[in-house]
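Residue numbers (this note's numbering), protein chains in the order written: chain A, 1 to 219; chain B, 220 to 438.
Just to be clear, a hint being listed does not mean it is correct.
A partial selection of chain A residues facing chain B, derived with a Cβ cut-off under 10 Å [what the hints assert, rightly or not]:
no.	residue
1	L47
2	E49
3	A54
4	R86
5	H160
Don't read these hints as lab results, they were simulated from the structure. From a predicted model like this one, the values you see are computed outputs, not experimental measurements. Ideal placement from N, C-alpha and C gives every residue a C-beta, glycine not left out.
There are 2 protein chains.
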Amino acid sequence: MKNEHPKVAVDLVIFSIVDGMLCVALIQMKKKPFEDMWAFPGGLVGLKESVDAAAKRDLKEKTDISNVYLEQLYTAGDVDRDPLHRVVSVAYFALINSEKVTLKTSKKYKDIRWFPVNKLPRLAYDHSEMSKIALARLKSKLEYTNIVYGLMPESFTLSHLQQVYEIILGRKLDKRNFRKKIHSLRLLKKTGLFDRKTTRRPASLYKFKERKSKIIEIL
Amino acid sequence: MKNEHPKVAVDLVIFSIVDGMLCVALIQMKKKPFEDMWAFPGGLVGLKESVDAAAKRDLKEKTDISNVYLEQLYTAGDVDRDPLHRVVSVAYFALINSEKVTLKTSKKYKDIRWFPVNKLPRLAYDHSEMSKIALARLKSKLEYTNIVYGLMPESFTLSHLQQVYEIILGRKLDKRNFRKKIHSLRLLKKTGLFDRKTTRRPASLYKFKERKSKIIEIL
DNA sequence: ACAAAAGTGTTATCCATACACCCATGT
DNA sequence: ACATGGGTGTATGGATAACACTTTTGT
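Modelling step: build the complete structure from the supplied sequences, incorporating the hints.
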């Protein structure tokens with residue numbers, strides 16, 4: 001009668017904008033039966049750590065960053081989702097600004113890489129389903145919260161912010177309407193600095209007044 | 220090193236309208252350290268049942284009904300949420316039409332009863348927090364899905380439906396606007412019958428065209 | 001006849017959308 | 001001077017919100 005219980009794991013759907021595409025971080029597995037297949041990073045939850053803490057720990061291991069947007073997604077509890085063990089997995093989704101992050105592999109995995117969300121390989125476990133749910137949630141929350149801040153650098157131009165929205169939502173937005181909306185929400189403040197990286201007219205740089213999740217109608 | 224893992228449980232927040240109030244079902248506990256306290260019903264997930272199945276099983280045990288609206292809420296994973304064991308709990312919320320249901324206790328509990336959501340006793344574990352999250356989710360989903368059907372009998376009057384919305388949202392709605400909206404959504408059909416229980420002008424009875432969850436702007 | 005809930009339309013306001021030109025800069 | 005993205009305002013249509021009276025029944 002010992003050990004007659006499911007184990008608990010976490011899985012991380014880590015989103016970032018890389019090369020102008022919405023990407024997720026995937027690890028390549030070493031062990032059978034999923035050898036060489038790709039999956040979301042994750043791991044078992046220890047007896048003395050909270051599930052949230054396990055997700056944060058794992059995120060730190062893979063990206064070496066903490067203090068990012070991290071939200072529980074849902075819990076996958078099918079009996080056969082892992083063919084070898086009974087594992088109930090709590091999925092999280094994270095938003096990071098990839099510019100200063102390099103993904104770190106470990107002995108446990110063959111590789112870790114960014115994949116554009118619309119060009120995912122076949123994934124292990126029920127992770128294909130998980131990716132769909134995560135993407136739907138991201139799109140939906142983009143429209144009524146301020147969580148984009150998780151994907152943005154410290155300061156950025158309004159066009160850059162608009163691009164991120166367009167990439168994720170998969171449609172063009174009207175520049176004037178976008179700016180009108182963003183300004184009316186009063187989430188941003190001007191830094192007073194300008195983007196000098198471009199060779200054209202410099203754009204004002206903005207930053208978020210605060211970087212924590214709020215509920216707001218955006219688009 | 221054996222058994223060094225959290226266990227997995229489900230908790231059920233079962234909503235229903237009872238005596239014109241939004242209520243949840245609570246069980247009264249027998250065992251220490253929560254003796255006599257109230258909590259949401261729930262139980263451990265077996266090794267060979269999915270988490271969803273465990274939730275359904277538990278709901279059936281408590282209410283003797285199946286085929287109701289049941290949705291995963293979130294997973295509570297704090298280390299100390301249960302002082303005796305390490306239990307990660309997947310919370311669900313269910314909507315039932317209480318008219319034909321009587322709550323069933325069991326040897327495990329002292330009692331089971333409906334409590335109005337705004338008059339809850341102090342709850343065991345982290346269940347007070349859970350009740351807040353469940354209620355917020357119910358209110359929010361009421362506004363963009365058709366899940367009210369879970370709380371309604373087979374056929375009902377428009378005024379009855381409006382009352383249910385008003386009870387849950389905690390505010391009065393305009394009768395004409397409500398009806399305009401409901402009709403424009405085309406979720407209902409007239410049964411052709413009339414409510415003869417009242418002593419006044421009889422109201423048309425309606426039923427839902429289909430009883431499954433849909434995303435729709437309602438209020 | 002009266003009490004009580006059922007049923008029904010119109011107007012005003014707000015918000016989302018569509019749309020085009022001038023500006024500041026580096027080369 | 002020119003090429004490039006930055007920056008700005010207005011007009012229209014659709015949805016939401018406010019609002020009051022007539023109808024049908026049982027007693």
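Point to revise | Contradicted hints - numbers only | key: Hint check: 5 fails alone, others pass.
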